[in-house]
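**Student:** Build the full structure now, drawing on both the sequences and the hints.
Counting with this note's numbering, you get residues 1 to 478 for the letters of the first sequence.
Derived from the structure by calculation, the hints contain no laboratory data.
All values derive from a computational prediction rather than experimental measurement.
Treat each hint with caution, since some may be false.
To be verified - Below, computed lysine-lysine pairings styled on PhoX-like, alpha-carbon distance capped at 25 Å: (1) K178 <-> K131; (2) K178 <-> K162; (3) K156 <-> K138; (4) K162 <-> K197; (5) K162 <-> K138; (6) K28 <-> K131; (7) K28 <-> K178; (8) K178 <-> K197; (9) K28 <-> K161; (10) K410 <-> K237; (11) K131 <-> K156; (12) K178 <-> K161; (13) K197 <-> K367; (14) K197 <-> K161; (15) K138 <-> K169.
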Amino acid sequence: MSQSETALMWFRRDLRVADNAALHAALKAARRVHCVFVYDTAILDRLPSRSDRRVEFIVQSVDELHRGLSALGGGLVTLHGPAQTEIPRLARELGVQAVYANHDYEPAAVARDAAVAQALAASGIGFMTRKDQVIFEKDEVLTGSGTPYSVFTPYKNAWLKKLEPFFLKAYPVESHVKNLAPPAGGRLLTLTDIGFKETNLRALGIAGGSAAAQELLADFLPRMARYREARDFPSRKGPSYLSVHLRFGTISIRELARTAWQAVRDGGGEGAATWLSELVWRDFYFMILHHHPHVVSGAFRPAYDAIRWPDDEALFAAWREARTGYPIVDAAMRQINQTGYMHNRLRMIAASFLVKDLLVDWRLGEKYFADHLNDFDLAANNGGWQWAASTGCDAQPYFRIFNPVTQSEKFDPEGSFIRRYLPELARCEARYIHAPWTMTPAQQQAAGVVIGRDYPAPVVDHAEARLRALELFKAVRN
DNA sequence: TTTTGAGTTGTTCGA
DNA sequence: GTCGAACAACTCAAA
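**Tutor:** Here is the structure:
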C-alpha cells in the first residue's frame, strides 16, 4: 500500500468510528482523510414507502457518526443521489488518491462497487476495500478439499477451529486520528431532505447509533448465560436485539464475537456458545451468498424451482394483514407490521405457515420481510426463508412442517405474546388461545370473542394443508 | 475412491 | 401423558 496524501472514507453499512477496518486503513495510509455517507437513491427510490423505520435509523446513525468524527477533528459529508456516480464525482472533486470502503457481499452492492472501482480507476484513483462485516468471509473457511461448505455444522466447527484472538482484534482509530480532515462545509442532510417521513421508531424505543448499540449490549451481557433457554420464547426478553445494529454496522461484529468467545472461554456455558453460534450463522449465510448469488432469485437447489406454488392472493393477503385465524401467526405479523421486528422463533413459524400451509412462494414472503424488517439483511433473510421452505442449503427437510398450534403451545404456553398483539383474544383461557376456534359458542361468549366476527376463523385447516404441501413437494422429487 | 456418519430450530402415529 | 420410531431417502464432509 502506497502512502497517499489524501483519501476518502466511504461509509455504507459500517456506521461507526470505533473498530472500523476501512476507516483504520484509510487513516493509516493517508495524511488527510475525508468522510462521506451517500443516501443512495438507487436503494432509497426502491423502498415501498416514504415512511421507513430503517431510513430513520440510518439518519440517526449518520448524525451520530458525524458527531463522533467531529469530536476527533473530522466530520462527515452527506450526499443524496446515486452512489455509483456520486462517489467518483466527490473523489475527483476532493482530489483524493484513494477511496476506502468495507466489503459488501450483496450482488447489487458488488456490482455497484465494481462500477465505482472502474470509474475511479479511470481517474487514476484507487478503490481500497476491507473485510469488516464478518469474522470470516469468502474463502477463509473451506472444507478439506478446498471447497466452500454448504452444511452449517461442519462449517461452524471449522470456523471455531480457525478462530483465534487475532481475528477478533479491534481496529484502533486513536493512533492516526490527526489525519481526519474537517468536512468541506454544508450541513448534514435530514430525513426530510431525502424525502422521508418520521416513523414510530422513537416511540418503539429503538435508536440508531453506536451509543444505543452499546446500551443494548450492556443490557444483554447479564442475560447471555440464559440465552439458550430464553431465546425461543417471544414473550421473554431473550435475544440481544442487536440485529438492526449489526445490519447498519453501528456495532462491530468483532466486538460481539470477542464478547461471546471470551464468555465461552470463561465458562459462560451454553448460553454464550449458542449466541456465538448465531454469529457464525451470520457469517455462514454471507459466505453462501458470496459463492451462490443465484439464491437471490431462485432456490439454492435449482430442482426446487420446479415447484408450482399456487400463490393464492387472498391467502397471502390474510397472512400479510394478520388475519389467518391462527393466533401465533397473526400476532407475529402484527409485531412486524407495527414494529419492524419479529422474534426469530416467530419468523420460522410465520415463514413455515406461508409456505407450507398457504402454499405461497417463499420469495413473496422473503420480499415482504425485506420490505418490513428493520434488521433486514439479504443474506440472512434469504437463508432463513429457504431454510423454512426446504429449498436451501442445509434446509429443513420438506416433510418437517411446523404445526402452528403445537408451536404456539410450546413457545407461548400462557399466550402472553398472543395477548400482547391480539387484544381481541386477551380474555381467552390459555388452553384455548392457541386454537380459539375450538371454543364452544358459550365459551366464545365468555371470552368476549366470537370466531368469525371478532377474530377470523382459520383460513386453512392445518392437517389438510400439510398434506397438500407434501403433495406439492412430491412432484419435485421425481 | 469408497465408505461412513451426520445433518438448527419437527410432527405424527401408535404403543 | 409419554416415548420411540417413522417420515424418505439425500447430500455433504471427512476418514
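**Student:** A separate judgement is required for each hint: does it hold in the structure or not?
**Tutor:** Each hint, compared with the structure:
1. For the hint linking K178 to K131, the alpha-carbon distance of about 24 Å falls within 25 Å, and the restraint holds.
2. Distance restraint check for K178 and K162: the Cα-Cα separation of roughly 35 Å exceeds the 25 Å cut-off, and the hinted pair is therefore not satisfied.
3. Of the supplied pair hints, the one linking K156 and K138 holds, its CA atoms being roughly 14 Å apart against a limit of 25 Å.
4. The straight-line distance between the Cα atoms of K162 and K197 is roughly 45 Å, outside the 25 Å bound, and the hint therefore fails.
5. Distance check on the hinted pair: K162 and K138 sit about 14 Å apart at the alpha-carbon level, within 25 Å; holds.
6. For the proposed pair K28 and K131, the alpha carbon gap of about 16 Å is at most 25 Å, so the pair holds.
7. Of the supplied pair hints, the one linking K28 and K178 holds, its CA atoms being roughly 10 Å apart against a limit of 25 Å.
8. Annotation: proposed proximity of K178 to K197 is violated, straight-line Cα distance about 37 Å (limit 25 Å).
9. Pair hint K28 plus K161 does not hold up; C-alpha atoms about 31 Å apart against a cutoff of 25 Å.
10. Of the supplied pair hints, the one linking K410 and K237 holds, its CA atoms being roughly 17 Å apart against a limit of 25 Å.
11. The hinted pair formed by K131 and K156 meets the criterion: a straight-line CA distance of about 19 Å does not exceed 25 Å.
12. Straight-line distance between C-alpha atoms of K178 and K161 comes to about 38 Å, which puts the hinted pair past the 25 Å bound.
13. For the hint linking K197 to K367, the alpha-carbon distance of about 22 Å falls within 25 Å, and the restraint holds.
14. A C-alpha spacing of about 47 Å is found between K197 and K161, which places the hinted pair above 25 Å, so the restraint is violated.
15. A C-alpha spacing of about 19 Å is found between K138 and K169, which places the hinted pair at or below 25 Å, so the restraint holds.
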